[in-house]
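Could you build the full structure based on these sequences and the hints that come with them?
Protein chains in written order, with my numbering: chain A, 53 to 388; chain B, 672 to 1129.
It is worth saying that the hints were derived from the structure and are not from the lab. Heads up, none of these hints are tricks.
Straight line, CA to CA, 30 Å or less: simulated DSBU-like cross-link-like pairs of lysine-lysine:
id, chain 1, residue 1, chain 2, residue 2
1, B, K854, A, K168
2, A, K354, A, K320
3, A, K289, B, K854
4, B, K998, B, K1124
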Amino acid sequence: MPPKKQDAGSNVSAEELLGHYREMLMIRRFEEKAGQLYGMGLIGGFCHLYIGQEAVVVGLEAAASEGDKRVTSYRDHGHMLACGMDPKGIMAELTGREGGFSKGKGGSMHMFSKEKHFYGGHGIVAAQVPLGAGLAFADKYLGNDRVTFAYFGDGAANQGQVYETYNMAELWDLPVIFVIENNQYAMGTSVKRSTKSPSLWERGAAYGIPGEEVDGMDVLAVKAAGEKAVAHCRAGKGPYILEVKTYRYRGHSMSDPAKYRTREEVQKMRDERDPIEQVREMLLTGKHASEEDLKAIDKEIKGIVNEAAEFSKESPEPALDELWTDIYATEVPQEA
Amino acid sequence: MATEILMPALSPTMEEGTLAKWLVKEGDKVSSGDILAEIETDKATMEFEAVDEGIMGKIVVAEGTEGVKVNDVIAVLLEDGESMDDVKVADKGQAPVPADKEQSSATAPAAAMSHPAPAQIDASPDWPEGTEMKSTTVREALRDAMAEEMRRDDTVFLMGEEVAEYQGAYKISQGLLDEFGAKRVIDTPITEHGFAGIAVGASFGGLKPIVEFMTFNFAMQAMDHLINSAAKTLYMSGGQMGAPMVFRGPNGAAARVGAQHSQDYAAWFMQVPGLKVVMPYSASDAKGLMKSAIRDPNPVIFLENEILYGRSFDVPVMDDFTIPFGKAKIERSGDDVTIVSFGIGMTYALAAAEKLAEDGISAEVINLRTLRPMDTETILASVKKTNRCVTVEEGWPQGSVGNYISSVIMQEAFDYLDAPVINCTGKDVPMPYAANLEKLALTTTDEVIAAVKKVTYK
Chain A
53 MPPKKQDAGS
63 NVSAEELLGH
73 YREMLMIRRF
83 EEKAGQLYGM
93 GLIGGFCHLY
103 IGQEAVVVGL
113 EAAASEGDKR
123 VTSYRDHGHM
133 LACGMDPKGI
143 MAELTGREGG
153 FSKGKGGSMH
163 MFSKEKHFYG
173 GHGIVAAQVP
183 LGAGLAFADK
193 YLGNDRVTFA
203 YFGDGAANQG
213 QVYETYNMAE
223 LWDLPVIFVI
233 ENNQYAMGTS
243 VKRSTKSPSL
253 WERGAAYGIP
263 GEEVDGMDVL
273 AVKAAGEKAV
283 AHCRAGKGPY
293 ILEVKTYRYR
303 GHSMSDPAKY
313 RTREEVQKMR
323 DERDPIEQVR
333 EMLLTGKHAS
343 EEDLKAIDKE
353 IKGIVNEAAE
363 FSKESPEPAL
373 DELWTDIYAT
383 EVPQEA
Chain B
672 MATEILMPAL
682 SPTMEEGTLA
692 KWLVKEGDKV
702 SSGDILAEIE
712 TDKATMEFEA
722 VDEGIMGKIV
732 VAEGTEGVKV
742 NDVIAVLLED
752 GESMDDVKVA
762 DKGQAPVPAD
772 KEQSSATAPA
782 AAMSHPAPAQ
792 IDASPDWPEG
802 TEMKSTTVRE
812 ALRDAMAEEM
822 RRDDTVFLMG
832 EEVAEYQGAY
842 KISQGLLDEF
852 GAKRVIDTPI
862 TEHGFAGIAV
872 GASFGGLKPI
882 VEFMTFNFAM
892 QAMDHLINSA
902 AKTLYMSGGQ
912 MGAPMVFRGP
922 NGAAARVGAQ
932 HSQDYAAWFM
942 QVPGLKVVMP
952 YSASDAKGLM
962 KSAIRDPNPV
972 IFLENEILYG
982 RSFDVPVMDD
992 FTIPFGKAKI
1002 ERSGDDVTIV
1012 SFGIGMTYAL
1022 AAAEKLAEDG
1032 ISAEVINLRT
1042 LRPMDTETIL
1052 ASVKKTNRCV
1062 TVEEGWPQGS
1072 VGNYISSVIM
1082 QEAFDYLDAP
1092 VINCTGKDVP
1102 MPYAANLEKL
1112 ALTTTDEVIA
1122 AVKKVTYK
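Quick look at the structure:
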């Protein structure tokens, strides 16, 4: 696949806008379904939904090229869908079934796809940040021009290893984009209650890493910023930081009643800033699509999500001898 | 009054060194702070400064002399007006040493060790009979193993603090920067958590990192990446990706470095599925196991020992010498008791076996070499023959490697046991600094002998 191109703002094609709409809607419907299956007891443990943040991954994936890598935290369903992993395999992993991406052994927080260059799915807050820099280190060592997207939240941004990584990433000019998905709440602690820093991306300045703040509810703005960051990394100029201001509509995880913010705050964000509604509006006012066109897309996506849900219920639980497999490799499982 | 200048200890584990060069000659006036000589340790060449002022009266140890013991008199400094005729110099090697020196020596673990007897029967030879052998230090063996594997595979690289330009804090990576360049021998900032994570990420991305921790005590800062990122990813990804890499460095007590630098992590790491855990004793172990570790497609914890770095052992001269994981070595065969150990514990085990032989007790000594996978078959076969077992390690007693071995023996060979298994371990205390207390905190040859006598009812 050749690098995708786009001109930010008014010159966006109908095709591209429809693509973004489709991909964001897929994440939202998938997550709603996951929430439903969780309520039915089909998904266990922790389950962190991405609803509200869809524009972040869809915008950045639009700026990525084949072979680029991505790694994120436990709030990972959106990233997997956006990089093209099969919704069936994701949902079946959520239900802990054989057909899941990790054969049911990873769960919501620990999923991977070598084929799609998705390196997890990591359950320890901020651990994915040096891992992402390490993926970029490998690419630089191997002499290709790949870029790695290392996603983390505003909560992880206070972990020490993030700054250890910033230091080495800039020291060694690693092609890694640090994407801070600032959804304003680290579990129940708002950014204002966890730091006095006015912005998180500016912390990169201490290490010489450039960056910027991005409106994470605007998929086109995210994509434009992503392209700038990718160009910086691919040119061999080292890392780049994007602090993407976004908002999570649901609780931190399924068991979070979200009492730390008002219902009005969430509703205001939904009403005024929703990333999917914004694109829908653009499609309709620009006469790129009719209500009927969009309804057809909604229906198609609902079908895909329902199919994934069905698959995740029908796929058998892993065979009992799977308990003892994949503990040790007999050959190196990576492609060099 | 004349002042005797003694051979200095220039590192916590130094026992002797080479007097490489005198920078003063007899009759020279010396001020405190002047550089008197260059002294070569097994790690580095160090400059040795004068503490007192005076006239260099006599150089007792000529330059170029090797194997000069710490605290031997190497020169005599005179006060103004004194002459050498007024001074009686002790012969080299008989320098005045405090009466309790041997006991309280900083190198207590080494003092407790006698040279191991050659294995009487090696039930599991690592190399063909008749192979040419070369005396090699553990330090050189580790370096040679890494260099050979780096020549063989371009994706192997070494990273850590001071591994490149400084040539290794303990000189394990000496010469590697020159041969392989800065792309593959990489100095890191002091940032264990960060660089361990970057190395794990690089292994996901197709490389085979060797991460040196200056000591495993510092790896505690990186523990999350060792366990959660490196050990578990293959399983969590359903076999799609894992971390083919080596984490290596000195582990356990060195000498007089106190509680935070003296912990043996063998039992901790041995507990983790997904990791392989290696703890070599000899230079041939170090070389053969390091080469296997680098080739292994899994994360390997390679626990070295600072005191063993300078010890020499025979290493086979072969194009490609490797030792498979999960294969213990019977270092000495015997009939009355099985002593199981690994790493530096082997020095106590072998010294004990030697002394026990004088008392007519024949001990079989097993060197485990890898703790995960562990060659319990060799242990069980031996225990079924001797009916008695003592384990030896420097780590703490609760949840020790010996505890695990005991449970395996109980379950698999209970009916063969004529006595309870005894675990000789380090004492259940943080490592003290004081020389006498440190010695007390570590396991000793005498404790191993006492344990063997207890299980053999002698």
